[in-house]
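A.B. asks: Residues per chain are reported as follows:
4 protein chains.
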Amino acid sequence: MKIRYSMIGGGPGSFIGAVHRRAAWLDGGFELVGGAFSSNSSQSKSTGEELGLSAERVHGSFEAMLEAEVRLSGEERIQAVSIVTPNHVHAAPAIRALEMGFHVIIDKPLALSLDEAREIEKLVKKTGRVLALTHTYAGYPMVKEARHLVKSGKLGKIRKIFVEYPQGWLSTFLESEGNRQAGWRTDPARSGAGGSVGDIGTHAAHLAEYVSGLRITEICAELNTVVNGRQLDDDAAALLHFEEGASGVLIATQVAAGEENAVKIRVYGELGGLEWIHSNPNSLLFKPLDGPAQIYRAGTGYLHESTSANTRLPAGHPEGYIEAFANIYTGFSRAIQDYEKGNYQGPESYDFPSLEEGIRGMAFIETMIASSKSDKKWTKFSI
Amino acid sequence: MKIRYSMIGGGPGSFIGAVHRRAAWLDGGFELVGGAFSSNSSQSKSTGEELGLSAERVHGSFEAMLEAEVRLSGEERIQAVSIVTPNHVHAAPAIRALEMGFHVIIDKPLALSLDEAREIEKLVKKTGRVLALTHTYAGYPMVKEARHLVKSGKLGKIRKIFVEYPQGWLSTFLESEGNRQAGWRTDPARSGAGGSVGDIGTHAAHLAEYVSGLRITEICAELNTVVNGRQLDDDAAALLHFEEGASGVLIATQVAAGEENAVKIRVYGELGGLEWIHSNPNSLLFKPLDGPAQIYRAGTGYLHESTSANTRLPAGHPEGYIEAFANIYTGFSRAIQDYEKGNYQGPESYDFPSLEEGIRGMAFIETMIASSKSDKKWTKFSI
Amino acid sequence: MKIRYSMIGGGPGSFIGAVHRRAAWLDGGFELVGGAFSSNSSQSKSTGEELGLSAERVHGSFEAMLEAEVRLSGEERIQAVSIVTPNHVHAAPAIRALEMGFHVIIDKPLALSLDEAREIEKLVKKTGRVLALTHTYAGYPMVKEARHLVKSGKLGKIRKIFVEYPQGWLSTFLESEGNRQAGWRTDPARSGAGGSVGDIGTHAAHLAEYVSGLRITEICAELNTVVNGRQLDDDAAALLHFEEGASGVLIATQVAAGEENAVKIRVYGELGGLEWIHSNPNSLLFKPLDGPAQIYRAGTGYLHESTSANTRLPAGHPEGYIEAFANIYTGFSRAIQDYEKGNYQGPESYDFPSLEEGIRGMAFIETMIASSKSDKKWTKFSI
Amino acid sequence: MKIRYSMIGGGPGSFIGAVHRRAAWLDGGFELVGGAFSSNSSQSKSTGEELGLSAERVHGSFEAMLEAEVRLSGEERIQAVSIVTPNHVHAAPAIRALEMGFHVIIDKPLALSLDEAREIEKLVKKTGRVLALTHTYAGYPMVKEARHLVKSGKLGKIRKIFVEYPQGWLSTFLESEGNRQAGWRTDPARSGAGGSVGDIGTHAAHLAEYVSGLRITEICAELNTVVNGRQLDDDAAALLHFEEGASGVLIATQVAAGEENAVKIRVYGELGGLEWIHSNPNSLLFKPLDGPAQIYRAGTGYLHESTSANTRLPAGHPEGYIEAFANIYTGFSRAIQDYEKGNYQGPESYDFPSLEEGIRGMAFIETMIASSKSDKKWTKFSI
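Protein chains in written order, with our numbering: chain L, 1 to 383; chain V, 1 to 383; chain E, 1 to 383; chain W, 1 to 383.
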């Protein structure tokens with residue numbers, strides 16, 4: 001049966017709301033039944049109407065929505081909420097939903113601050129409900145294959161990890177021109193203490209740890225606010241130390257004029273390297289120490305089963321961003337189904353980012369900022 | 001409101017059925033309410049169950065399904081059917097559904113033969129219902145931009161059109177090993193008189209005509225059956241004449257070992273050329289006569305509005321095959337909505353392939369076969 | 001010791017003359033000592049001066065130059081001539097030079113016509129001197145690796161060969177604007193009966209035969225003169241039959257606006273395919289039937305020795321067109337050295353195109369033209 | 001007239017010696033007349049013989065060679081020396097040659113240490129002779145176009161500079177296996193205090209400054225010795241500050257298993273970005289803030305004349321590493337010719353790296369090492 005869920009955020013002008021909805025629909029595992037799409041009640045209603053929802057399940061606040069849902073019968077009531085609001089409205093609805101017994105899927109970063117993230121952590125531990133965090137890039141099949149190749153020892157001991165996330169869309173003072181996305185993402189009150197480092201740096205850091213299986217231990221960072229008048233960093237770079245002696249470099253910038261969203265990761269070990277880039281997401285380059293580089297392709301028969309489980313189409317039929325997102329939703333739905341059967345033991349046995357990744361993301365932001373302010377070269381990344 | 005539809009075909013082992021379902025779900029415009037997923041009644045039922053459908057709307061034959069639907073109230077009854085069966089089961093359900101007043105979306109090629117296609121044509125003309133044909137590649141935004149650039153005169157008068165569709169999956173005698181897809185696609189009784197020429201050649205021909213806006217007028221073709229024991233052609237190539245003096249080359253082969261699905265089109269005019277390849281679907285290369293080649297990218301602000309209307313995400317967030325398919329479904333849904341308001345005047349005002357393209361596709365298959373058998377260089381492509 | 005040679009052609013306005021000179025210099029195996037760079041005596045002299053040659057060895061006609069050289073002592077006298085004139089001045093100097101006992105390296109196509117080529121053939125057979133033909137693309141190391149992979153059976157029995165040579169530089173009526181290169185290449189008196197088919201089609205045909213090891217047996221061609229006023233074809237395409245049941249497609253066009261010189265070859269066999277493109281000359285893609293595609297790279301340790309012998313630099317240090325040319329010159333110099341030691345048995349034991357390839361090239365041009373004029377689909381390619 | 005020169009280094013087992021020779025020959029501007037190819041006299045002689053040199057001009061020490069040359073008549077005597085030895089034999093022959101009045105072209109880095117570089121500087125200033133330094137990547141035409149685009153304001157004020165030089169060839173302890181190149185490059189006595197930072201880091205730093213026109217002002221670096229037993233760093237990364245508020249990242253590693261020589265530079269300004277990568281050297285990507293990215297190509301008509309002056313072939317005919325090297329040699333020859341006419345005013349009016357770049361390179365190595373040892377984040381890059 002489809003999982004009934006409600007959305008918090010995702011009203012007019014939202015980018016990520018529609019992505020979440022499509023991701024949930026794509027594999028047919030979810031049914032959107034209600035929402036608090038906007039704190040503007042009429043905007044919320046109109047989004048609900050567009051989506052063909054019953055008016056009585058659409059509200060102008062997440063509190064009202066959750067209150068109404070909890071009063072419904074178990075067969076009608078939502079099982080989960082999807083939180084797609086700006087960062088400052090992550091923790092409150094997540095906490096409230098968990099308290100009421102709902103599962104939560106939430107856009108990254110987990111919260112406005114590490115402290116808020118800790119509050120969510122308490123509730124997850126207390127309620128035992130499922131929490132998923134949409135670090136999209138971890139949803140791509142060839143990123144999963146990359147992780148598998150590292151884990152299987154194909155690269156040998158890991159030495160170097162280079163991750164980058166160059167964007168150009170904030171090259172101008174867009175937030176002064178009424179651009180809604182730029183507005184909240186560059187506003188500390190809504191985005192948190194990190195600008196680029198929170199918005200895209202957390203993706204890069206997560207990707208590096210996800211693929212390499214190694215945690216960042218120390219950071220030497222510089223954050224810049226390149227565009228005059230901007231309140232938050234729009235450019236970040238860092239040298240990184242990882243567990244087991246690996247080291248690397250992270251770049252996350254929103255002022256690389258002309259760049260779109262070309263997230264890229266390269267990992268090198270004793271025996272070979274690998275490379276994945278978001279602009280060509282269905283390929284993964286494996287470069288052995290000796291011998292020709294190999295182009296692993298999504299949908300082929302030679303991939304690991306955990307990769308194949310995250311594709312829908314035979315090789316040569318491109319899947320993209322929504323599909324990657326849907327892979328996270330599908331993992332979330334499996335965990336909920338197991339939960340309902342009493343079999344949910346925590347996110348470790350699934351392949352979607354969850355609480356731990358969310359906590360690390362918030363700590364990453366704070367460590368990057370602390371390092372950037374410090375004259376010392378290295379700042380410990382501790383949680 | 002979502003359009004209620006039922007699927008014919010798409011049971012266990014189907015590739016394209018799930019693609020159609022996801023494409024219909026993706027933008028939230030369709031609700032799958034029933035099906036005749038297989039002529040094996042229990043297989044049909046079990047697919048229906050997996051999809052969470054009411055058992056009473058799932059049947060073992062399209063006839064039974066259509067009979068049952070037509071008896072339902074207007075508010076419950078399906079509005080459309082999606083036909084995703086092998087080619088020999090295209091015409092009968094399409095004709096029956098049209099007769100009963102349902103709109104039809106159908107996988108390509110339109111029918112088993114041109115004669116069958118003519119029968120469908122009669123019903124469409126008689127009933128005035130909407131018919132859409134899923135020539136997927138025409139659903140890609142950058143293919144639409146290519147068509148727009150040609151139409152806008154950016155390339156000047158068109159001179160050359162090169163289109164190719166190389167696949168490698170039929171390099172071995174797969175149909176002898178129980179491969180279901182290979183089974184029907186190489187069987188004249190289920191696939192029709194064309195093998196590669198029908199399965200992928202029709203895509204290539206449609207793409208060439210769609211992008212260039214020019215019709216093929218003469219064909220000089222060779223069809224080969226490369227793999228021993230195979231009943232149909234698995235390899236085709238042709239020199240082409242187009243309207244207005246343009247000429248070109250078409251390649252459609254299923255024995256290009258190692259190739260996936262790398263459909264590619266290049267069009268050259270007096271002022272420049274353009275190139276699109278399916279393995280990098282969100283880019284379109286425009287090559288002016290003088291000056292640097294330009295990489296047009298999906299999701300950017302400089303594209304034509306008809307292109308932008310077929311993307312969901314900002315530049316740099318890859319969309320793929322399902323999204324291209326969904327663009328056809330979305331066009332189909334708009335036409336149905338207009339139909340229900342009494343505003344449907346025919347497919348010309350929408351951007352999805354329909355009857356004419358289907359008829360041309362069947363004629364293309366027959367002309368390719370006739371040319372291949374002929375000692376004469378050129379065979380007229382007439383309908 | 002360096003081989004002393006003289007150049008015929010290659011004066012002011014020549015493109016290929018300087019390429020030949022650099023190719024000869026690159027590996028240090030040749031010393032240019034004289035020339036008949038132009039039939040305009042003062043232009044020939046001034047080119048000689050620029051090149052630092054003794055005035056007495058520079059002449060206004062190849063006859064005068066050859067006469068003068070033959071009178072010099074064996075230690076001073078040239079050993080070879082390099083003929084880089086337009087096609088109509090290929091046969092006469094080649095024949096005269098061979099008669100006088102000089103070795104000959106000559107730009108393709110071998111002559112103005114097959115008949116002329118036959119005359120050269122007679123002299124080569126009579127004199128036993130070395131003749132090399134600069135089909136450049138056969139000089140690229142990764143083309144040699146491609147040939148090796150086919151020969152070694154890595155692709156299994158060959159089924160399909162697609163070769164293309166798209167250029168855009170003749171998209172306009174350039175020969176009317178005083179462009180020297182366009183001038184002679186579109187003039188039947190200087191270029192011969194073939195335009196695009198001779199200028200670039202012969203390269204494509206040679207490449208197809210060189211890599212596949214299979215000869216073209218039948219041709220179904222269309223030649224077009226796309227640009228108004230042009231005297232020769234500027235666009236050609238053909239379906240091809242090869243020995244051993246292989247088939248393919250050849251494209252050679254000079255009106256593909258925006259294209260540079262993107263020669264490309266793809267060969268598919270029972271076990272895999274390979275792909276090489278001139279715009280990325282140091283890579284060769286090998287695509288096994290199953291398993292990831294592999295990127296073979298020039299300069300690596302895993303290539304065949306006959307490939308490695310044609311590179312100068314370690315992997316990752318790009319070599320290009322002049323280097324490919326130089327590989328032919330180096331083969332030519334080895335043959336001459338062997339000749340002088342009495343060990344030259346014919347071109348078969350070297351890796352450079354020679355008489356046979358030249359004869360086939362001329363026959364290819366004539367067969368393409370004959371096929372293009374014929375209503376019959378297939379024209380035999382016989383010599 | 002050709003410039004007569006002699007080579008120091010470049011005997012058996014040398015990689016770069018043959019590159020220098022080919023680069024000098026390629027455009028016909030130099031004549032190699034002698035050498036001290038090895039300190040092993042017989043090895044030097046045998047290299048001389050292979051190169052067809054007179055035995056009396058080939059020596060077992062650079063001192064003997066220079067002494068002998070200086071005694072020859074002005075018309076016979078060399079005009080320049082090319083120094084291609086390991087770093088510890090750069091300064092002594094350079095100083096001696098300058099003292100004797102010869103011009104010097106020298107492989108990078110300029111010397112074993114900044115102090116040695118300062119000694120060379122004194123002699124250059126004292127003698128006024130021409131000194132060229134072969135920072136190859138600055139010799140590529142599309143790198144020159146990149147520099148031109150920045151200088152012309154096409155990118156606006158520069159904000160970010162990312163440069164990287166990933167290699168994999170030192171992933172294993174190659175110097176323990178008798179590999180000659182690895183031997184000296186990882187030996188502090190022959191390579192200097194920097195390993196990867198000197199061997200390839202200097203190339204990256206030079207490229208960044210050359211393209212951007214901005215100097216590095218502060219460095220935050222980490223150098224690693226990844227392979228056990230190695231005596232020098234084989235991996236380096238740094239955050240960079242440039243003049244005028246730009247910042248960036250530099251990566252230079254020799255343990256990126258599977259990488260060849262993929263030097264890459266990206267520069268972003270207020271109005272756009274550009275990207276060049278060594279594996280595709282004849283293309284330069286220009287990415288405007290809005291509008292499609294453009295692929296600038298070597299050999300086209302729309303490039304700046306200073307770019308075109310550094311290409312030999314029309315667009316689509318690849319040039320490579322030797323050609324880039326030759327561009328430096330050709331600049332060097334022009335300066336020498338001007339010198340001989342009394343017109344040489346210093347390297348500023350030519351386009352080849354010289355003393356200043358060499359001094360900065362040595363200071364870069366020392367600053368990288370100092371920063372790597374420091375706990376402070378930033379170390380000033382001062383000279």
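Honestly, the hints are just simulated from the structure, not real lab data. Don't take each hint at face value.
Where chains are identical, the list cannot tell them apart; a pair therefore holds if satisfied intra-copy or between any two copies.
[To be verified] In silico DSS-like links for lysine-lysine, alpha-carbon gap of 27 Å or less:
1. K341 <-> K380
2. K154 <-> K380
3. K380 <-> K151
4. K151 <-> K2
5. K373 <-> K157
6. K373 <-> K125
7. K373 <-> K341
8. K154 <-> K45
9. K45 <-> K341
10. K45 <-> K2
11. K376 <-> K125
12. K157 <-> K264
13. K154 <-> K125
14. K126 <-> K151
15. K264 <-> K2
16. K157 <-> K45
17. K380 <-> K157
18. K341 <-> K125
A.B. asks: Could you run down the list of hints and mark each one as holding or not?
C.D. replies: Verification of the hints:
1. K341 <-> K380: neither (41 Å within a copy, 62 Å between copies)
2. K154 <-> K380: neither (30 Å within a copy, 41 Å between copies)
3. K380 <-> K151: within (25 Å within a copy, 41 Å between copies)
4. K151 <-> K2: Neither: 33 Å inside a copy, 45 Å across copies.
5. K373 <-> K157: between (33 Å within a copy, 25 Å between copies)
6. K373 <-> K125: For K373 and K125, the Cα distance exceeds 27 Å both inside one copy (33 Å) and across copies (44 Å).
7. K373 <-> K341: neither (49 Å within a copy, 57 Å between copies)
8. K154 <-> K45: neither (53 Å within a copy, 44 Å between copies)
9. K45 <-> K341: between (34 Å within a copy, 25 Å between copies)
10. K45 <-> K2: Answer is both: 23 Å inside a copy and 18 Å across each meet the 27 Å cutoff.
11. K376 <-> K125: neither (36 Å within a copy, 41 Å between copies)
12. K157 <-> K264: Answer is both; intra-copy 21 Å and inter-copy 26 Å each pass.
13. K154 <-> K125: neither (36 Å within a copy, 55 Å between copies)
14. K126 <-> K151: Neither, since 32 Å and 61 Å both go past 27 Å.
15. K264 <-> K2: Cα proximity of K264 and K2: none, with 34 Å in one copy and 39 Å across.
16. K157 <-> K45: neither (54 Å within a copy, 46 Å between copies)
17. K380 <-> K157: within (23 Å within a copy, 35 Å between copies)
18. K341 <-> K125: Intra 19 Å, inter 53 Å, cutoff 27 Å: intra-copy only.
Violated hints for the displayed structure, listed by number in ascending order: 1, 2, 4, 6, 7, 8, 11, 13, 14, 15 and 16.
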